[in-house]
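On the provided structure of chain A, position chain B as indicated by the hints.
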Amino acid sequence: MIARRFRILVGFALFFSLALGCFAQSGGELRFCLRSEPKTFDPLLVDDDASLSIRYLTGGVLARVNRHTQEIEPELAESWKVSKDGKQITFKLRRGVTFSDGSSFSAEDVAFTMQRLMDPALHSSTGDAFRSDKGTVSTKIIAPDQVAIIFPAPIAGLDRLFDQVAIMSAHSPKKEGAVLGPFMVAEYKAGSSVLLRRNPNYWKKDSQGRRLPYLDSIRLDIQSNRDVEMLRFRRGELDLINVLDSDYFDRLASTSAGLAHDAGASLDSDFLWFNQVASAPIPEYKRAWFHSANFRRAISQAINRDDLARVVFNGHAQPAVGPVSPANKFWFDSKLKAEAYRPDAALQRLQAEGFRLQNGALFDKGGNAVEFSIVTNAGSKPRERMAVMVQEDLGKLGIKVNVVTLDFPSLIERISQKFNYEAAMLGFRNVDLDPNGQMNIWLSSAEDHAWNPQQKSPETTWEAEIDQLMRAQASAADPKKRKESFDRVQEIVAEQAPIIYLVNQNALSAVSTAVAGANPGILSPQTFWNAERLTLNGNQNSPSQASR
Amino acid sequence: MNLARKLACIVTLVVCAMSLAANWLAPAGYATQFREAPSAAPSRQHWLGTDEVGRDRFARVLYGTRISLLLAPAAALVSTALAALVGGLAGYLGGIWLRVARGFTDLFLSLPWLFLLITVRALLPLNVSPTVSVLITFLILGLLGWAASARVLSTSADALRNSDFILQARASGLHGARLFLVHVLPNLKPVLYAQFWISIPVFILSEANLGILGLGVAEPLPSWGSLLRELEGMISFREEPWRLVPLLLLIVVMTSFQLLLSNEEVTA
Chain A
1 MIARRFRILV GFALFFSLAL GCFAQSGGEL RFCLRSEPKT FDPLLVDDDA
51 SLSIRYLTGG VLARVNRHTQ EIEPELAESW KVSKDGKQIT FKLRRGVTFS
101 DGSSFSAEDV AFTMQRLMDP ALHSSTGDAF RSDKGTVSTK IIAPDQVAII
151 FPAPIAGLDR LFDQVAIMSA HSPKKEGAVL GPFMVAEYKA GSSVLLRRNP
201 NYWKKDSQGR RLPYLDSIRL DIQSNRDVEM LRFRRGELDL INVLDSDYFD
251 RLASTSAGLA HDAGASLDSD FLWFNQVASA PIPEYKRAWF HSANFRRAIS
301 QAINRDDLAR VVFNGHAQPA VGPVSPANKF WFDSKLKAEA YRPDAALQRL
351 QAEGFRLQNG ALFDKGGNAV EFSIVTNAGS KPRERMAVMV QEDLGKLGIK
401 VNVVTLDFPS LIERISQKFN YEAAMLGFRN VDLDPNGQMN IWLSSAEDHA
451 WNPQQKSPET TWEAEIDQLM RAQASAADPK KRKESFDRVQ EIVAEQAPII
501 YLVNQNALSA VSTAVAGANP GILSPQTFWN AERLTLNGNQ NSPSQASR
Chain B
1 MNLARKLACI VTLVVCAMSL AANWLAPAGY ATQFREAPSA APSRQHWLGT
51 DEVGRDRFAR VLYGTRISLL LAPAAALVST ALAALVGGLA GYLGGIWLRV
101 ARGFTDLFLS LPWLFLLITV RALLPLNVSP TVSVLITFLI LGLLGWAASA
151 RVLSTSADAL RNSDFILQAR ASGLHGARLF LVHVLPNLKP VLYAQFWISI
201 PVFILSEANL GILGLGVAEP LPSWGSLLRE LEGMISFREE PWRLVPLLLL
251 IVVMTSFQLL LSNEEVTA
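Line by line, the protein sequences give chains A and B.
Numbered per my numbering, the first sequence finishes at 548, counting up by one with no gaps.
Numbered per my numbering, the second sequence finishes at 268, counting up by one with no gaps.
Same shape as in the complex, but just chain A (with noise of 0.2 Å):
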């Protein structure tokens, strides 16, 4: 009696392990938008958002930074080892592994990428990274598991620049189309849809040894329109939004609580600098103000950064402190706070450099009133907010600020080419942990120095400190001393404001309940970083559900 009791139970309990099993197989189609048409399916070339999603979800890579933790862990290489000097890194390669045509995986491999990257005739930006000096990067196949790559000069925080290197297979007739990732490109109808389908031979398995990923596919509609992504999304034609301005999160979270998730400050932020090229076609006194640090000092203390995250971003944002994020655990400086707002403060420091306030406007030595421009790009309606109450926060202290919206090419060319500007608001989509992915802003002969770009030599004693920090950060081995490096630099940032931080936009998106397994994070792509491990359950109240 006992006997068949219990063989009744280990017979339910392989029906319902089987059950889930085919479930969790079963997969089903993830749906979500990409916001343009992807430029290129070459994942060495990727240099757009919609390639980038693509990318990640298709392509293999060597080692990967999980968007949780930010800790970079092993894919297809089971290990790694970066030389004394930073200038050489040696994988050892899982092996078994197969491309989605299934072609086998091997070192091989690994240095026709890596050629291919590195040839000045692709002009790959991911390659760009790896341009620590002149000179070319070499592959040397030591096993057809171990593959060692050798630069000219150390490059910093190596390992991690890997996270974003597709490996491509060196034989395979279909070149980009056999892939080492989750999903394998199935379908591209230009304008429209992305259809991504299961890579029959990806080489990860979960705990209990099933074969990732659990999805069928995934679907990625082309849809620049935010309202109409949201649309969709209401109506349960969409699992996912990565990315949702605070607007629409509010609405969400008002009619459907669950479904919102704010994952807290972004890497992302918003700012304002003033022009400081000695060409630029501005008067001369105006020069002097912007070329003052305690103008630019009194100016960011006079603007108010909690009603700008309270009221732009519906609290949706953080006060932001300078060039990184607190979000950005390991280079942050924490001993950094955000500049309050104290505009009596403000004044003062305008008044110790000679400026002074008459009936309610202020007037600097010369007797010029200060006024000047902030241009911001048209169609940002955060960004045309924020400029607003700067507005009124700088009117306080008699500061008359015009406004001016201006599409998006005529802003760049005013601000890179023309230098023809008093102040812009801009934001900073930053997409590396490594400070060394803002070496093109604070290195004072960048291009994208946003204040004073492409100098000759440093101009100032502070710029010429940055430069030699950033690049002693570059060179360094060891990451407590490129810490210390890069701590200065944002010290020296909020000493001297060369660039008034704003904001830290949080990470906001959207997950239907009908996803299982989602967790998302504030590093991109935000709610699809795990899509090997998402599945799609039979939740009746979802709002995907309704639409299957």
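Hints are supplied without guarantee of correctness; some may be wrong.
Said to hold, decoys possible - Just the calculated beta-carbon pair ranges, DEER-fashion:
1) R99/B - K189/A: 44 to 50 Å
2) W242/B - K381/A: 16 to 22 Å
3) L109/B - A345/A: 53 to 59 Å
4) L205/B - K189/A: 31 to 37 Å
Unchecked claim - Sample of chain B residues at the chain A side, in silico, Cβ under 8 Å:
5) V53
6) N127
7) S129
8) A169
It should be emphasised that the hints constitute simulated quantities derived from the structure, not laboratory data.
Glycine included, each C-beta is placed from N, C-alpha and C at the ideal position.
Just chain B now, with coordinates in the frame of chain A:
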């Protein structure tokens, strides 16, 4: 005057009076930010609630109405005058003048104005006050918006040129500018009126569109265009129906304008 026209007249007068009395009706002003109450619902303090940065929406509607009611008709006047000059004269002169004018008008209409406007804005100085920026915006609209009206007017003037009474006037010895001013232009008046009234909402909406491109009225000054932009991205009107007030006001005012025209003027 029939009832509809009387009603339209009252509505127009009330709206104009309210916009002129904005300083008294909405003492908070259009720029003051009540940051503790952004996107607030209507209340005793804020009759139409507040916008995204906490500005009193009622005040902004009144001041915006003042700006749009003053400047959109001004821009329409500029464009209609230009249309009368180009289209009316060409139609009256006929022949090669008409062909050249129509060719020029067609060419003007076919130009990608949106992109040219962006270029024009990029060339303008940045440090202009909001008041100057609003004048520039509507002046640009007035100077560029004449072509469609000119096309209509040239056709009407062409028809008039060959009409019996004009032939009779010519036979009586009337020529040139006098014939144009005494006989042609008065007979074009209904078309001119219609083109003028049609242009006003077009310019208001154009200003709203230009705002998205950075060509609109500069902050913190409101206009109907910038107020209509607030409707962008609204999914449900039931949640915040008061946000529709600028749109309703635009419809009511434009309808009133149309009703104020006599039947003959409208049907001409």
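Right, here's what the structure says about each hint:
At about 47 Å, the beta-carbon gap between R99/B and K189/A stays in the expected band of 44 to 50 Å. The beta-carbon spacing between W242/B and K381/A, approximately 19 Å, falls within the hinted interval of 16 to 22 Å. Evaluation of the 53 to 59 Å hint for L109/B and A345/A yields a pass: the beta carbon distance comes to about 57 Å. As the Cβ distance of L205/B to K189/A is approximately 34 Å, the hint placing it in 31 to 37 Å holds.
Because the smallest distance between the Cβ of V53/B and any Cβ of chain A comes to about 5 Å, under 8 Å, the interface hint for this residue holds. The closest approach between the C-beta of N127/B and any C-beta of chain A is roughly 5 Å, which is under the 8 Å cut-off, so the hint is satisfied. With 8 Å as the threshold, the beta carbon of S129/B comes within range of chain A, its nearest partner Cβ sitting at about 7 Å, so the hint holds. The restraint placing A169/B at the interface with chain A is violated, with a minimum CB-CB distance near 52 Å, outside the 8 Å limit.
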